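2 protein chains.
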Amino acid sequence: MAKLKRSERIAALVKLLADRPGHLWSLSQFAERFATAKSTISDDLSLVKAVLDQEGLGTIRTYPGVAGGVTYEPRVTEAAAWQLAEELAAQLRDPQRILPGGFVYMTDLLFSPTWAERLGALFATRFRGEEPDLVATVETKGIPLGLMTARALGRPLVLLRRDSRVTEGPSVSITYVSGSSQRIATMSVPRRAVPQGARVLLVDDFMKGGGTARGMMDLMREVGARVAGLGVMIATAEPARKLVEDYFAVAVLEGVDTVRRQVRVRPSLGR
Amino acid sequence: MAKLKRSERIAALVKLLADRPGHLWSLSQFAERFATAKSTISDDLSLVKAVLDQEGLGTIRTYPGVAGGVTYEPRVTEAAAWQLAEELAAQLRDPQRILPGGFVYMTDLLFSPTWAERLGALFATRFRGEEPDLVATVETKGIPLGLMTARALGRPLVLLRRDSRVTEGPSVSITYVSGSSQRIATMSVPRRAVPQGARVLLVDDFMKGGGTARGMMDLMREVGARVAGLGVMIATAEPARKLVEDYFAVAVLEGVDTVRRQVRVRPSLGR
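As you go down the protein sequences, you meet chains A and B in turn. This note's numbering puts the first residue of the first sequence at 196, with every later residue one more than the last. This note's numbering puts the first residue of the second sequence at 196, with every later residue one more than the last.
One should not assume that every hint holds.
Pairs involving identical chains hold if they fit within one copy or between any two copies, as the list cannot separate such chains.
Keeping only pairs whose Cα atoms sit at most 20 Å apart, straight-line, the calculated SDA-like set for lysine to any residue is [as the list claims (entries may be wrong)]:
1. Lys198 - Val422
2. Lys210 - Leu279
3. Lys200 - Thr254
4. Lys403 - Trp220
5. Lys244 - Ala232
6. Lys200 - Glu250
7. Lys210 - Leu242
8. Lys210 - Thr231
9. Lys200 - Asp238
10. Lys403 - Thr431
11. Lys200 - Phe401
12. Lys200 - Gly251
13. Lys437 - Ser373
14. Lys403 - Arg360
15. Lys233 - Lys244
16. Lys403 - Thr453
17. Lys403 - Gly297
18. Lys200 - Gln249
19. Lys198 - Ala245
20. Lys244 - Thr320
21. Lys200 - Lys233
22. Lys403 - Phe443
23. Lys244 - Arg256
24. Lys233 - Ser202
25. Lys244 - Thr257
26. Lys210 - Ala275
27. Lys200 - Ser241
28. Lys244 - Ser202
29. Lys210 - Trp220
The set of hints was computed from the structure by calculation and includes no laboratory data. None of the values given here were measured: they were computed from a predicted structure.
Can you build the whole structure from these sequences, using the hints too?
In structure tokens:
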């Protein structure tokens, strides 16, 4: 394989880094792959870091020492985060999304790879400092969001299920009260999926009363894990008092007027 | 913002392209963003294409004409595809995966962003020529795989559900026979999720009798869509005669010996 010129090497480097956010690469790996000196790779990475930072396209973090190396971290700037929240709110205001009963259709956004990826990068940026070992979500509609958050952090996703399955082995279950409907429900996780003491970032698509979120937290305590944070795409304004206090919502649904066909939603980036 | 040097511009270009597979970028967009001539961008893109092709990191496709531009396409080489299938088989052979009843635990692989992304790129490479408009999967465990396939193709993911929900609006349902258990089950899709005549690529994690796959196909016909292909991560060797004939499996599960604690699985890249 012909030795690459600098701009070619940088193209390949950026591609490798971007494909595996959170993955720790050693300089030797790159030096070997591109048949060049580690000092050259180090210079390339400085250039890449500078341009990604400047263009708001994420960053490169360097870990010093023998076990060290570099990782690419998606990072959403404050300005880009607000723009994303605004765009999301604008999408949700479309009156065609109003369903009978005052529900809002959002499945298309939740299952769009592009939206899931943008929101996942936002959650990763917001919660990276909490150093989560895992991301967890409850089936079904939070899965794309959870997966993309996990991808952006370079961590696995754990799925909490509404029931336990023979294909998942020994599992731990809890019952919880679904906040809005006051219905008793079950939530379970395979025992092998969450190591003792793991720090778990919880992600979900929608929060109203907070019952499901409370259940996720209780289940994490049951398996000896710690909650590193809770991020949701949309929280409702009412009830203001939810079963969980500390959460991050990208937007807040203030109300749906089925007669005037209006969805009132505002960007939030907080509670 | 300072004007970028060539290697800096290429770093940013590759990052933008890699973040949105399948997205059509016009040269003008890049020229504007980097305050440079379209001919310069065009030269940059030729260099990027050459190095991605050479390094097996995907490719750049150029669409000529007024509505033209370039897209980045993940592409898995034949050699990399076999390596992936071998690695997957090796993972599944781990005797610790054997569960009571001869089931094999694979949830960790299915919900790993890295595995989902690699498999998604493989499905995208295999089925890109069929020009799918959408990717569809059935809840729950196929979702990460479906999402990453959709991402690699730059297309939306549509979720087929085991029941229909008030939050999804008018939907179309079918009943089907779950092949292995001979149980009657329901599968539904929101009417607005699949446009008439759409070409849909079906993706699932596991196939035994093919009943679920058959159901997905029947549901697609019911909404006036066409099936562009069917990709599964694992198919079982038995029954050899399944309810669908034409599918692509990454690996084949030949049997599980719960006494000798052996999982027999082979790479396939076909039926």
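Quiz prompt | Hints violated by the structure (listed by number, smallest first) | solution = 1, 4 and 11
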